[in-house]
Amino acid sequence: MTTALSAVDLRKSFGDFEAVKGISFEVPTGQTFSILGPNGAGKSSTMKMVTTVSPVTSGSLTVLGMDPTTNGRAIRARLGVVPQEDILDSEMTVRENLVMYSRYFGISWADARTKADELLKFVQLADRAGDKVEPLSGGMKRRLTIARALVNDPSLVLLDEPTTGLDPQARHLLWDRLYQLKEQGVSLLLTTHYMDEAEQLADRLIIMDNGTISAEGSPTQLIAEHCSKEVVELRFDNRTSPELQSVAEQSGLRIENLPDRTLVYADDGDAALSHLAEQGVHPTGTLIRRATLEDVFLALTGRSLNE
Amino acid sequence: MTAVERIAAQSAETSFSRSGLLHFFEYQFVRLRTGWRGIVVTGVFTPVLFLLVMGLGLGELVDRDANELGTSYLNYIGPGLLATTAMQWGSQQALWPTMAEIRWEGGYKAALVTPLTVAELAAGHIGWISARFFMAGVLFSGVLAGFGIAQSWWFLLTPLAATLTCAAFAAPIAAFTSLQGNDHLFPLIMRFVVIPLLLFSGAFFPITNLPAVLEWIARLTPSWHGVELCRDLSSGDLALGSTALHILYPLAFVLVGYIGTKAGIKKTLGT
Ligand SMILES: Nc1ncnc2c1ncn2[C@@H]1O[C@H](COP(=O)(O)OP(=O)(O)OP(=O)(O)O)[C@@H](O)[C@H]1O
Ligand SMILES: [Mg+2]
Chain A
1 MTTALSAVDL RKSFGDFEAV KGISFEVPTG QTFSILGPNG AGKSSTMKMV TTVSPVTSGS
61 LTVLGMDPTT NGRAIRARLG VVPQEDILDS EMTVRENLVM YSRYFGISWA DARTKADELL
121 KFVQLADRAG DKVEPLSGGM KRRLTIARAL VNDPSLVLLD EPTTGLDPQA RHLLWDRLYQ
181 LKEQGVSLLL TTHYMDEAEQ LADRLIIMDN GTISAEGSPT QLIAEHCSKE VVELRFDNRT
241 SPELQSVAEQ SGLRIENLPD RTLVYADDGD AALSHLAEQG VHPTGTLIRR ATLEDVFLAL
301 TGRSLNE
Chain B
308 MTAVERIAAQ SAETSFSRSG LLHFFEYQFV RLRTGWRGIV VTGVFTPVLF LLVMGLGLGE
368 LVDRDANELG TSYLNYIGPG LLATTAMQWG SQQALWPTMA EIRWEGGYKA ALVTPLTVAE
428 LAAGHIGWIS ARFFMAGVLF SGVLAGFGIA QSWWFLLTPL AATLTCAAFA APIAAFTSLQ
488 GNDHLFPLIM RFVVIPLLLF SGAFFPITNL PAVLEWIARL TPSWHGVELC RDLSSGDLAL
548 GSTALHILYP LAFVLVGYIG TKAGIKKTLG T
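Chains as they are written, first to last, in the working numbering: chain A, 1 to 307; chain B, 308 to 578.
Take every hint as true, because none was put in to throw you off.
Think about it this way: if two alpha-carbon atoms lie no more than 27 Å apart in a straight line, the pair counts; the simulated DSSO-like pairs of lysine-lysine are:
no.	chain 1	residue 1	chain 2	residue 2
1	B	416	A	21
2	A	115	A	132
3	A	21	B	573
Hints are computed from structural coordinates only; laboratory data are not their basis.
Chain A on its own, in the form it takes in the complex:
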């Protein structure tokens, strides 16, 4: 298997502050790799090093088999970059944004125009081709940014929080497009705050916190390793249950107290719930659900991802 991207003990400092503290990971060609982490984890800092724009402080980084320090131009020619903020050109129309960006890659005018029309169809913006960028909705701008990242048929696409701030419908449309790219054999590296996004899209992921990797694996692997199969959410009138703590300790159940609810980790949620009831724990509300990466993150760091 070839490697689209590999990082070994990769570090990034801004002055005295170390934003990325020696991370190692590998993205096999054709796979989707996700970096999941809260604000300030170092996701964008990592991405920017991969784009070759931000110099590596130390460690090694290989992108598409090349060294970003010496082969920046060649790497960027084969990269598609969707930055965290949409930076589209408001002086140009939707279509011109794609055509003119293609020119930076040395793509001929004729090919650039064909490609632009094709990509506008792909992201469902064909009917807005001649419009200015400004009046587009957030989701449309995001889609246009993604289309722009694809003008050069990239081998590796970097997406920095592609769906943050989008409504569910827009997110699903984007996910669908990313699936299609993956099917075409494109390698994807995507950062996200959303565990469902990582679960949906990623073959493998790292959970990043404070510049370090706290876990790595496939979504199912991570859940299996760091969590139970199911999670029982309990709510109590007076917010907590004094009995629960001791009952859980006696029966060996792992629990996590959140401000508004308590989580109980169990492979069989129903069984755990009836066991608790027998022991005199009576919550006012209960919910049994499948464990998610959010639970993994909570288990690893004691914090919730989106707080």
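Dock chain B with the ligands against chain A, hints included.
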């Protein structure tokens, strides 16, 4: 090989390619849109206004008793106005619009994740400011010629000479801007650098009329060299030594400014 593969195959060390610069210009040309208005206003409206008021109006007074300028006041200030307009254009464009590209709108951030390099971006940026002034300069020279100011075939080169003045201001000021986090200092640059230079670069009166200290300061500004160069080309009264100096001195400002802009963009966008 596809175009993309060709770029990918280019040696890593080429931080500068002609096609990169060309693509940058194409891109900017397409987004020029309303920018044409500024070019026409600067190239036509400005000279007509100034030549009527100062060249003819004020000139009438100056020329009443044979002046010491060796030519009519109109002929004297015409080329000087061209050079100082170039200075103003280059300076202004290197402030707010440059900040917009680098920080506020992020266009250059998007450009830097394509094969374009920082070197091409810096050169393209200064080059594009200058190229637009050149278009204004051609119109401006046309107006000067219309007023009968051209006295030599060398006059045809005045738009180029003025474009050099434009770049000599645009490049160092763009270097300054690329390192700024906001535009707080920009009005000061206009008020305390550009406006004084407009008055003291010899466009309106010979700098020998200035106190000695100011005269020497004036000689160190690229704008004075620009004014002199445009005036000499207009009159056809060219001396090799001084002409070379009037070209090379501002060129040094362009070069230093380009290196600074490159470093500034790298520092601001490539950390
Ligand atoms: N250019 C910079 N100069 C100084 N510090 C920086 C710079 N860029 C990022 N940082 C710091 O590095 C840390 C990591 O930032 P980064 O943008 O990589 O986080 P992130 O994981 O992308 O967060 P978010 O989810 O909010 O986008 C933060 O503390 C941030 O303040
Ligand atoms: Mg980020």
